[in-house]
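Engineer: So the chains spell out like this:
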Amino acid sequence: MAKKINSWNDLKALYKELNKDLDPKSQWIAICEGTGCRVYGCLDVSKALEGELNKQNLTKVKIVHTGCHGFCERGTLMVIHPEGIFYSRVKPEDVKEIVEKTVKNHEIIDRLVYVDPKTNSKIPYAKDIPFYKFQKRVLLSRNEEINPTLITDYIAHGGYNSLAKALFEMAPDQVIKEVKDAGLRGRGGGGFLAARKWESSRKAEGDVKYIICNADEGDPGAYMDRSIIEGNPHSVLEGMIIGAYAVGSSNGYIYIRHEYPLAMHHITEAIKQAREYGFLGENVLGSDFSFDLKISRGGGAFVAGESSALIQSIEGKVAEPKAKYVHMAEHGLYSKPTVLNNVETWANVPLIIDMGSKKYSEIGTKTSTGTKIFSLVGKINNTGLVEVPMGISLRQIIFDIGGGIKNNKKFKAVQTGGPSGGVLPEKLLDLPVDFDRLTEAGSMMGSGGMIVMDEDNCMVDVAKYFIAFLQEESCGKCVPCREGLKQMLEILEKICSGKGEMSDLDTLNDLSQLLTDGSLCGLGNSAANPVLSSLQYFRDEYETHIKDKKCPAKVCKALIKYRIIEDKCTGCHLCLKNCPSHAITGQVKKLHTIHDDKCIKCGICYDVCKFDAVIKE
Amino acid sequence: MTDLTAVDKVLQTHNHDKSMLVAILQDAQEQYRYLPKEVLTQISIKLEVPMSEIYQVVTFYKAFSLKPRGKHICSICMGTACHVRGAPLILETVKKHLDVEPGQNTKNMQFTLNTVNCVGACAVGPVVQVDNTLYGNLTSMKSIQLLKKFEKD
Ligand SMILES: Cc1cc2nc3c(=O)[nH]c(=O)nc-3n(C[C@H](O)[C@H](O)[C@H](O)COP(=O)(O)O)c2cc1C
Ligand code: SF4
Ligand code: SF4
Ligand code: FES
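Chains A and B, in that order, are what the protein sequence lines are. Numbering-wise (the working numbering), the first sequence opens with residue 16 and increments by one. Numbering-wise (the working numbering), the second sequence opens with residue 32 and increments by one.
Keep in mind the hints are simulated off the structure, nothing from the lab. Possibly wrong hints are sitting among the right ones.
[What the hints assert, rightly or not] List of simulated lysine-lysine pairs, BS3-like, C-alpha gap at most 30 Å:
#1 B/173 - B/102
#2 A/501 - A/562
#3 A/613 - B/126
#4 A/572 - B/126
#5 A/332 - B/49
#6 A/564 - A/425
#7 A/605 - B/127
#8 B/127 - A/625
#9 B/40 - A/309
#10 A/569 - B/173
#11 B/126 - A/625
#12 A/565 - A/442
#13 A/62 - B/173
#14 A/564 - B/126
In isolation and in its complexed conformation, chain A is listed as follows (with noise of 0.2 Å):
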């Protein structure tokens, strides 16, 4: 039974206990069970390496069942110390020989070693690879040590330490100056300073205030907040307990999409044992302050992400964005004083309070400091999750980080910022990653999604995907809003269907124009700018699409075919046994036909052919 901690003296005390423990030469092994590992069998994985470590009678050497290392491409992933030896593509079936040959006798399996597609050297310490060598983990390195579901692992890697250091050696106002100090911005969207906020909200007259973290990430595409809630869900719990501290605030709730069930059970289960330990509760760590929080469940609707819907969420009532002229600092959750912030902001806190402002400002740039968690994913070879230092520019992180273009292809853009934000060209690589670069250059920072596109990706589906999800996602409540997205919608419909006008794009940009000024909140004022970007760097494909009925990057449906080339079609059939909806003839050995008018353009055959026999034109 967990023995609740009364001062910070006895947290002093549990620490040393547990951190004896982590012997920097013993050996453990981290298996990463996060939701991309799960997908390849994890969980498989670590259920054979149990049973063949029990088998072997190595019980002394620990596993360590931990959340999302990033380098999500190559699950299973596993870390073999004290050496830390990275293995990737972890299989059930090379449990065996990883504890005979690795954890016996330290040898290295070269199969199962990270091949630099570059170097074409074998890569077998996870701090040399690429991927990970770029990367400034300060947030996310604990992922790769802890079991998420116990405290004591986070307590031996001197967890809560910084929530007792503001406690004890720190007034409320002096935490706020140090995060403030710190420079920490909004990890949510809006980069807008946490110090800011905190500091109205503390002055803001009540006795009951409202701490919320905002963990619904509805930006479809990005995941940094799910895996920091699975793999290190304290060090959110100890930001906003610290927040709490300096804001005054007694009372706090953690908003999360109920898609997110590994998430919920993690956090929910980290609060019940920080209660137990005496981290929330009455009297934190026999101090005179209080805390507790629960769980509000959001049902997964973008709009509900936004400030003041979540608060209407929080409290029972549709999530429909109200206007901003009154402030959540004074009246925010139940009219109360409320301060919100993203998960990662959250989670920079106690980083912020261990380092000191001045050494965490010290990372990033000058108006950007620390790091920010991307998830960088699309058409790149190193798809997962990056911690870089803000500054850092967009190839970097896409070529250095992320080991370039799938497959070859060539680069055509990135998006930043989800829904709200923007595609950037290949001629804006070099910009740095920060908050106002990216606003300048017409996308955003936004929450952190980084969806790499390359040849094979047109710039006027993806505007009409944004387009799409934003009019489904809008609440309805401002007519801009409501109708100017439909109207978008379907000119970008006419677009990618070849019966678009030049004057359409004129429309697009008014339309923008009214979205931005008419809006109420940050989904319709943001939502044009997929279109807007992508007409500013992208207006050739839009032009091809109208004035030559052509797709170039052959996506859009109704603009291409498929056809079977005849020097080529062996008549194997295979096309035609596996077309969902018999839209290919043909005798065997003999040529096969697509026939247009069944055809649903699903790809399959062009898919299946081992002739390169389908074409797409």
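Here the structure of chain A is known, so what remains is to put chain B with the ligands in place on it, guided by the hints.
Structural biologist: Positioned in the frame of chain A, the structure of chain B with the ligands alone reads:
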């Protein structure tokens, strides 16, 4: 008649707290696989929240269903990361294969087809979720093979 024991239990777990309406509805849906009218009425009575307000919430979020759902729920991720890697082709194929539109059940009630916006496994996209398991790196072909596994049971 729908058995209301399960929803009563859900309400109890949440201490009949009105502000937990979304969570209560989610948990109730998990129990009944959809939200039958009797269940909503019960929630309305017990929480003292008007039916109109409950319908407002239920229709606001895509994940709620007012109709019975099939034995397996197949959700195709249409998030950005999955989109650029070919999710639309997969949706097209699965629609044809199951002969339904998103939001509908197959005639034999074996499947309900849904679309979702990102399940947080973007690195392994395109992703399809069947019931509670995620499947990654799919193609049109592989998605049909995947569904075939669920056709019989
Ligand atoms: C339509 C819309 C959706 C949003 N979704 C999220 C979200 O999913 N997560 C998030 O942290 N912030 C989201 N935001 C930003 C929040 O309104 C708010 O600015 C943020 O949570 C504040 O935290 P921060 O200052 O730490 O970034 C969204 C904003 C808008 C306009
Ligand atoms: S801008 Fe759009 S989403 Fe935001 S309040 Fe208005 S209608 Fe709703
Ligand atoms: S694209 Fe799909 S539907 Fe069209 S012929 Fe090929 S397999 Fe059949
Ligand atoms: S976009 Fe499909 S899982 Fe995120």
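Engineer: Are any of the numbered hints broken by this structure? If so, which, sorted upward?
Structural biologist: Hint check: nothing fails, all pass.
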